Amino acid sequence: MCFQRQKGKFAGPAAARGLVAAFGFFWLAAAAVAAPGLTAALDRNVMPVGESVTLSLTFEGAAPDAALTLPALPNLSVQAVAQSKEVTIVNGQQTSRVTFNYTLVATQPGDVVIPGLQVNVGGRAVVSQPLALKIVPAAAAANAAGGLAQYAFMKLIVPKTEVYVGEPFPVEIHLYFQSVRDVQMPQLKAAGFSLGQSAKPSQTQTQVGNVGYNLAVFKMSATAARAGNLTLGPAECSLTVLVPVTNQRSRDPFANFFGAPAQARPTVLASDSHVLRVLPLPAQNVPPGFSGAVGSYQLQVTAGPTNVAVGDPITVKVQIIGNGLLDALALPAQPQWREFKTYPPTSKVDTTDPLGLSGQKSFEQVVIPQNHEVQALPSFQFSFFDPNQKAYRTLSNRPIALTVRPSATTPTPLPSLTNGAPGAPAPVDDIVHIHDRLAVSRPPAPLLAQQPWFFGLQGVPLLGWLALRYWRKRTEALANNPRLRRQRQVAQRLREGLVELRRQAEAQQAEAFFATLFRLLQEQLGERLDLPASAITEAVIEERLRGSHLPKPAVRELHDLFQVCNLARYAPHKSSQELAALIPRLEGVLRELQQLPQDA
Amino acid sequence: MRVTRPSSLVRWIFAVLAGGWAATCLAAIPPAAFDAANKLYEEGKFVDAAAAYQALLHSNAPSASLYFNLGNARYKAGQLGRAIAAYRSAERLAPRDPSVRFNLRFVRQKVTGSDAPVSVGWERWLRALTLNEWTLLASGALWGCCVLLGLGEVRPAWRRGLRNYVLLTSGAAVMLGAGLLLARRQAQAVSAVVVVRDAVVRYGPLAESQVFFQLRDGSEMTVLEQKEVSSTETWLKVQEAAGRSGWVKRDQVAVLNY
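Chain order of the listed sequences is V and W. Residue 260 in the numbering used here sits at position 260 of the first sequence; the count goes up by one each step and never skips. Residue 629 in the numbering used here sits at position 29 of the second sequence; the count goes up by one each step and never skips.
Next comes chain V alone, as it looks inside the complex (with noise of 0.2 angstroms):
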């Protein structure tokens, strides 16, 4: 009782407390489902101007009851606000979604920033992302062939007019169309130009003028290989447009009920080209570790272990976030470690655009200090030019503070990773260097798992731990099973005696030979009747054997026996031959006794 009560002392608070925090996890859960969310989006990020483009605010959860008000933004005009609303039910769980779209036509060129907006909804303020597009003049559709061009038109979008040599930038090809079919991907004329990744083609629709359109804008990523004046264009595309055809001569009313009739035109669309003015790198205040890498970065260094011996390795982790072709970007070698043996590093590259030219790089390299009186790993080094500063940048770490204990052993030569005399710097893109000693290896070893004699061996411990498991089920028989064990024991006495008794008649040794003898006449009789040995006696064998399935022969040269046995205590002097002579009688008697069931 008192145990239950302490028990249920114990528990109330415990249970109460699980609940609690049972309740909060689930609270903060549905909190954190239900928690409205706005979400800012455009569906293009460059455009002409006198075209349109689509701010969608998707209010996730809950929603204002109506459009938001924007406020004034520079450059463009907000001609048109739709709205649409989703629902959605997974699991029994019902979510809403609410987009509120609105066409904005861009009146002028320039960089224009949508800040983050604010709205009360459901008693939460939410906001927004801050959203970027660039304006840029508006670009003169090149003329289609066969006069197409009100009904399919393509440009070429290039956010800039002046870059660096090696420094990336987006392209946009927007097809502009009605109705077309069969359209092949455009192909961008870019002699000068390397063309990097492309990004998944997205569609939308814009109007130009007063004619709305089907907008397909492929982005792609260039970079200038040289300097001068380059032209970028144009890009042609292969498709056919679909001309409504109008016949002014038919008077049925229901002819375009199913749609105007449409003539298909194949043609090859093509933008305008741009004339970009590509400069090269400064000559100037070039740095020294300078290994070519254009644009804009930031750099993360860590190491570890900081508590080493000398040859233990350390791996450094460098991390280069920014703008800019991360792909191409190298770990600079780092003349300033020549205090420790460097490895080729391994690296990854995580982008966080479509164009893969912004995200962040990762290297990982290992380090081996070379004696114990480093005291830090220097300052790391990395060299890029800023294409929007005009300038070369180097950015470097701290030095990392090290601890490097000499080593207990001899370092084991490491090999030696280039192909340069010592001391120079290492190259980290190169193979291994050269082995220089012949190691020892080993000749190729014949298949062992084809050998018969190592195919036998296995064989071994399975019939070692089956003998065991024999011997074992052997053992626990003979220890529950008493009269067997017994007669295991008397058949063993049996050997023994009967070696012990010729031994002791050529020894002429007539009184333990008939004492011998006596004895294993007892044994033999006692295992048989399951009496002790020491009960056997010649009124014991007269009152159990008579009667029993032993043969009367046998009786009588038992009682035989026992009466020699008797006679010898009173005149033990006998031959050896009297003596041998008795042995193959008390076989034959043993052998007649041993037929004889237990329990006769």
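Calculated directly from the structure, the hints in this document are not laboratory data. Certain hints may be false.
Residues on chain V that point at chain W, a partial pick, calculated with CB under 10 angstroms [to be verified]: (1) L438; (2) A449; (3) L468.
In silico lysine-lysine, DSSO-like type, Cα no more than 30 angstroms apart, as pairs [what the hints assert, rightly or not]: (4) W/K837 <-> W/K710; (5) W/K849 <-> W/K676; (6) V/K390 <-> V/K189; (7) V/K390 <-> V/K134; (8) W/K710 <-> W/K645; (9) W/K676 <-> V/K341; (10) W/K710 <-> V/K348; (11) W/K710 <-> V/K189; (12) V/K200 <-> V/K189; (13) V/K160 <-> V/K390; (14) W/K639 <-> W/K676; (15) V/K348 <-> W/K676; (16) W/K676 <-> W/K645; (17) V/K160 <-> V/K189; (18) V/K341 <-> W/K645; (19) W/K710 <-> V/K317; (20) W/K849 <-> W/K827; (21) V/K134 <-> V/K160; (22) V/K341 <-> W/K710; (23) W/K849 <-> W/K710; (24) W/K639 <-> V/K341; (25) V/K348 <-> V/K200; (26) V/K200 <-> W/K710; (27) V/K200 <-> V/K85; (28) W/K849 <-> W/K837; (29) W/K710 <-> W/K639; (30) V/K189 <-> V/K134.
Small disclaimer: the values here were computed from a predicted structure and weren't measured. Beta carbons: idealized from backbone N, C-alpha and C, even for Gly.
Take the given structure of chain V and dock chain W to it, following the hints.
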């Protein structure tokens, strides 16, 4: 009379055996010839160095260092396919040598243009051990399991405590045995590496057969079948990584015979 103690005698026997084994291995390749080949490499005579390493391989027992240096010389000479073949031979002899693995990955990256491994993870895992190492591990697990079972028979009171160890070793024996079978199957697969600039793979084993596709220098493939058209012309049916299979002339690839 001086009597040698048994422990000293055992040490002496081991020293003699180890010394004899090392001497046999070292004597297999003359160090001077190896140094001469290395000198050619250091002088930038990569083609000559490769020929010297190749000659040493023809006349002596195979060595991981020799194959490794041959791979380096081939790579420096611009022979990516032959370099990969040499590194793979070195990898077979020393599967966990970091230098070999690094250089093989490096040259493969040059061929494929990406850092993605050529083979899947479990295949690389199988190659981390030699067949004999797989065999010895599986055998060790089997012996361990049987010893524990035998101990349980001798000392029945310990049987309960030993049960988890028996399960562990028997599971290990099964897993390692399966690993051995897979590793052996993998080792028995004949591979080939393209050693010409562009190997032409055709639909049939004839020069007149239609071209199916082409493989670059260093591309690795599995050999499915061999056909001798004449005494001087042999064709191999190969399957590349993407699963396409066709016939290629034997002299356009290096076959890795294990």
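Results for each hint:
Taken as an interface hint, V/L438 checks out: its beta carbon lies about 5 angstroms from the nearest beta carbon of chain W, inside 10 angstroms. The interface hint given for V/A449 is met, as the beta carbon of that residue sits about 5 angstroms from the closest beta carbon of chain W, less than 10 angstroms. Hint status for V/L468 relative to chain W: holds, with the closest Cβ pair at about 4 angstroms, below 10 angstroms. At most 30 angstroms may separate the alpha-carbon atoms for a hinted pair to count; W/K837 and W/K710 meet this at roughly 25 angstroms.
At most 30 angstroms may separate the alpha-carbon atoms for a hinted pair to count; W/K849 and W/K676 meet this at roughly 25 angstroms. For the hint linking V/K390 to V/K189, the alpha-carbon distance of about 28 angstroms falls within 30 angstroms, and the restraint holds. Straight-line distance between C-alpha atoms of V/K390 and V/K134 comes to about 21 angstroms, which keeps the hinted pair within the 30 angstroms bound. Proposed proximity of W/K710 and W/K645 is supported: the alpha carbons are some 22 angstroms apart, at most 30 angstroms.
This hinted pair checks out: W/K676 and V/K341 have alpha carbons roughly 23 angstroms apart, not beyond 30 angstroms. Simply put, W/K710 and V/K348 have alpha-carbon atoms about 16 angstroms apart, close enough for the 30 angstroms limit, and the pair holds. The hinted pair formed by W/K710 and V/K189 meets the criterion: a straight-line CA distance of about 28 angstroms does not exceed 30 angstroms. For the proposed pair V/K200 and V/K189, the alpha carbon gap of about 20 angstroms is at most 30 angstroms, so the pair holds.
In summary, the hint linking V/K160 to V/K390 is supported, as the alpha carbons are separated by about 15 angstroms, within the 30 angstroms threshold. A C-alpha spacing of about 14 angstroms is found between W/K639 and W/K676, which places the hinted pair at or below 30 angstroms, so the restraint holds. The straight-line distance between the Cα atoms of V/K348 and W/K676 is roughly 26 angstroms, inside the 30 angstroms bound, and the hint therefore holds. For the hint pairing W/K676 with W/K645, the CA-to-CA distance comes to about 9 angstroms; that is within 30 angstroms, so the pair holds.
For the given pair, V/K160 sits about 17 angstroms from V/K189 by alpha-carbon distance, which is consistent with the 30 angstroms threshold. Of the pairs offered as hints, the one joining V/K341 and W/K645 holds, with about 27 angstroms between alpha carbons and a cut-off of 30 angstroms not exceeded. At most 30 angstroms may separate the alpha-carbon atoms for a hinted pair to count; W/K710 and V/K317 meet this at roughly 24 angstroms. A threshold of 30 angstroms between alpha carbons decides the hint, and for W/K849 with W/K827 the separation of about 10 angstroms falls inside it, so the pair holds.
For the given pair, V/K134 sits about 10 angstroms from V/K160 by alpha-carbon distance, which is consistent with the 30 angstroms threshold. At roughly 25 angstroms between alpha-carbon atoms, V/K341 and W/K710 fall within 30 angstroms of each other, so this suggested pair holds. A threshold of 30 angstroms between alpha carbons decides the hint, and for W/K849 with W/K710 the separation of about 24 angstroms falls inside it, so the pair holds. Pair hint W/K639 plus V/K341 holds up; C-alpha atoms about 24 angstroms apart against a cutoff of 30 angstroms.
With a C-alpha separation of about 22 angstroms, the suggested pairing of V/K348 with V/K200 holds against the 30 angstroms cut-off. With a C-alpha separation of about 28 angstroms, the suggested pair V/K200 and W/K710 falls inside the 30 angstroms cut-off, and the hint holds. Under the criterion of a C-alpha separation no larger than 30 angstroms, the hint pairing V/K200 with V/K85 is consistent with the structure, at around 26 angstroms. A distance of roughly 9 angstroms separates the Cα atoms of W/K849 and W/K837; the hinted pair therefore holds under the 30 angstroms criterion.
A threshold of 30 angstroms between alpha carbons decides the hint, and for W/K710 with W/K639 the separation of about 26 angstroms falls inside it, so the pair holds. A hinted pair counts as satisfied when its Cα atoms are at most 30 angstroms apart, and V/K189 with V/K134 qualifies at roughly 23 angstroms.
Going down the numbered hints, you'll see the structure goes against none, and every one checks out.
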